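Peer 1: For reference, the chains in residue letters:
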Amino acid sequence: MAHVVVDPVTRIEGHLRVEAEVDGGAVKEAWSSSTMFRGIELILRGRDPRDAWAFAQRICGVCTTVHAIASIRAVEKAIGAVPPPNARLLRNLIMAAQSVQDHVVHFYHLHALDWVDIVSALDADPAKTSSLAQSISDWPLSSTTYFSGVRDRIKTFVQRGQLGPFANAYWGHPAYRLPPEANLLAVAHYLEALDWQRRFIKIHAILGGKNPHLQSFLVGGMVTPVDPDSQNALNIDTIAALDKLVADGLAFVSRVYLPDVLAIASFYKDWASIGAGIGNYMAYGDYPEDDSENPQLFLPTGIIHGRDLTKIGTVDQAMITEQVAHSWYDYSVGDDKGLNPFKGETTPHYTGPKPPYERLEVAQKYSWLKSPRYDGAAMEVGPLARMLVAYASGRPARVKELVDKTLSTLGVGPAALFSTLGRVAARAIEAQVLVESMDNWVRGLADNMARRDYRIQDNSKWEPGSWPSDCFGAGFHEAPRGALGHWVHISNGSIINYQCVVPSTWNAGPRDAQGHPGPYEVALVGTPVAKPEQPLEILRTLHSFDPCMACGVHVVDAMKRELARVRVV
Amino acid sequence: MIAHSLTQELEERGISRRDFLGFCASMAAILGLPETATNAIAAAVESEARPILVWLEFQDCAGNTESFLRASHPTVADLILDTISLNYHETLMAAAGSQAESALTQTVHDNAGKYIALVEGSIPSGADGAYCTIGGKSALQIARDVCGGAAATIAVGTCAAFGGIPAARPNPTGALSVADAVPGVKNLINMSACPANGENITALIVYYLTLKRWPPLDQYRRPLFAYGKTIHDNCERRAHFDAGQYVEAWGDEAHRHGQCLYKMGCKGPATSQNCPVVKWNEGTNWPIGCGHPCIGCAEPNFWDTMTPFYQRLPNVVGFNVGRWVDPVGLGLTSLVAAAAVLHGVGEVVRHRVGKASSTEEKTESE
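Chains as they are written, first to last, in our numbering: chain L, 1 to 569; chain Y, 1 to 366.
Just chain L, with the same shape it has in the complex (with noise of 0.2 Å):
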């Protein structure tokens, strides 16, 4: 038995620290741990609403709108705004361009190179890296001269003897599968992705100012004026560039990023069967397409039980509670009961080790995440459930249609998709959805400028005075790692209580009173690990989630009275 500590766990957002007991070459036993806290929460105590999504944007800086968006929908509906249709059409654009972008970066540069070995690249023929390129895809970009052009740029890279982040890493561990043509091919498309996804993300700096950190968020609309005929506005000129990089965006999707998952998978299909994890699936569904009270979602809802896609429940915030019998918080009501985000409490009590420290105290309490439970149950949320849910909702079709046709390109089975193969598919299923739709977005827009509606903002409930003296609202949102919610009471035009419940606290959290274990450590159960020196298994299933630790640490307050009203997007 061997005890394996991953610390840090990288090419991940924020710190994350896995422990884990190693036998017979495979995982028994996980603890998923997030050593970095905040209090983000905390500081948003007092401030204005209108103010919140800024600060809470700050949560993350990888999946940068997810926060602020979730907080306007929060705040909206407190105070009962009401955002106009072309409000409604640019948040899609910019959550869509987040989720498409956020994907992609996710698998070339955090991922990828679990599967990818770059110093194999080296002994690639570049002949043959162009015969695989042009007989999984039209792109391009797949001469032999081209091949050969990275390669050698490779080559010069480590001749100079400096490997920088490429460095210590587990080039040549028997776990690496690809051919060293394949591994060419990889290595071209991450620098590819690079260069792709500083230009793709110009959608942002157009509908927002800047990434990350987009400024055009408001409470009750957005702030990038809508007019045809200025120059100063979102305008004609606006939708032909949008037009022109959202075509660029699904073209790369399409013939590089689809075809690279299908191409790599095929060389690791028996992690179709590893990472199945807890089986439960929830997603809150997303991108409103029409303006009522509750609109349809293009990404449907729904919570999926054991692994059953043929019964899809439905969700009800009320369901859910966090637990901290596990993690650095004491609860008033004790540590072994769990809390509705409305009335939860947090008061951080950091009881580990004292650092510099070897082993956390996995028996005790061992992280600063705690652990959210739907019905008292862990559920898994991200792609992968989003997927699932609208796979087994038949809904957007195209989603069945893909899922369908990557299971069949792979020769498996849909048991298949419960897999860290499965997340990484439907994380490439999900981007190539989003960016087909995002063409019908900028059509609305253009539609809503035709017909002189240029509306951005409900300014009716902008000023503190026309808000009810005492408010509650709660905002969702799929950000790209999964299932977001933030919760806020409002008082006399400031913020009384403010807190979140994000994708990384539902799949990283850490064990709950019962002593069952969280998405993650339920999925490390079982992953091969053949040279325990070595992690590099148990990175492919951490990283199959696409963790994203600053968003999972938060603290919340008790929240002492009754909702007079609670209204849910």
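Keep in mind that the hints are not guaranteed to be accurate.
[Stated by the list, open to error] Straight line, CA to CA, 27 Å or less: simulated DSSO-like cross-link-like pairs of lysine-lysine: (1) Y:K137 with L:K354; (2) L:K405 with L:K311; (3) L:K531 with Y:K137; (4) L:K244 with Y:K279; (5) L:K28 with L:K531; (6) L:K269 with L:K405.
For the record, the hints were derived by calculation from the structure and aren't laboratory data.
For clarity, every value in this text was computed on a predicted model and none was experimentally measured.
With chain L fixed as given, assemble chain Y onto it according to the hints.
Peer 2: Quick look at chain Y alone, frame taken from chain L:
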């Protein structure tokens, strides 16, 4: 000196030329390269060792890392592959766990006093350092160990530069800036903003590589090339400010036609940054360009001093023009900038609508 004679240094340590070539040959073998690569490796190692950078992340959101990835000239790929050696960066590096840790400790040990440290995120001082640990070590200890031995330290983003959002009221974790967490840190440069503009981060690196020195700084240790003037000085909407043409409500005629956002809470007159010049995402746009007021994100304690964000400047608690005229450590350029700021603030006061009562404002008006 980062690239001084390697042969000389090796000889001082009793390593002969023959030993060195042997090392290069074994490195070629390890990397699976042909024997002929030995001389190429030797030449590369001897002649042009790239400057070594380590990037530390503490109480951060990785926003500055993402911003760095958006830089276009040079791009991060060009920098990492051709120009610098980025030996540690948790978000980007291939190694994890103990291999990642040893990449850092080895770099710090082997290149003491020669490497450049970049820090993203604030450093918590509470709970004995347990609010942020990496590899079981506290951020405070890592910052002191790594920044303490660096030739220079660049605090990237407002959290590392000034404490940022974790240090905002009531600062639950005792979050500190690099300057406060690492007393006596050498050659500290603060690249504030939330996040720092990727173009400014790479510009600082290129500045150093090209001119072989660090740039002159303002009183907050920020390079003048990026922070020597205010947003207001270079704002494309300045003419509307001077003409008294203001946005009064979101989406109104003035807003749709790009008029001044001062009444909607713009902090441009009190914020030093080159946003209007460099803009963001390859010059695509910037916050005021998309119709939102500047929130002052490059300034110390802006989460407390510049909020509420939608309240106009002279009424914002903590707004204090006095600090802008302190010329300590400023060169001629920044004196001009400071004068420009004063002019700007004078304009603000003249155009102010609402009550003026604070002592700072009286000082400004005089």
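Peer 1: Which hint numbers does the structure go against, in order from smallest to largest?
Peer 2: none
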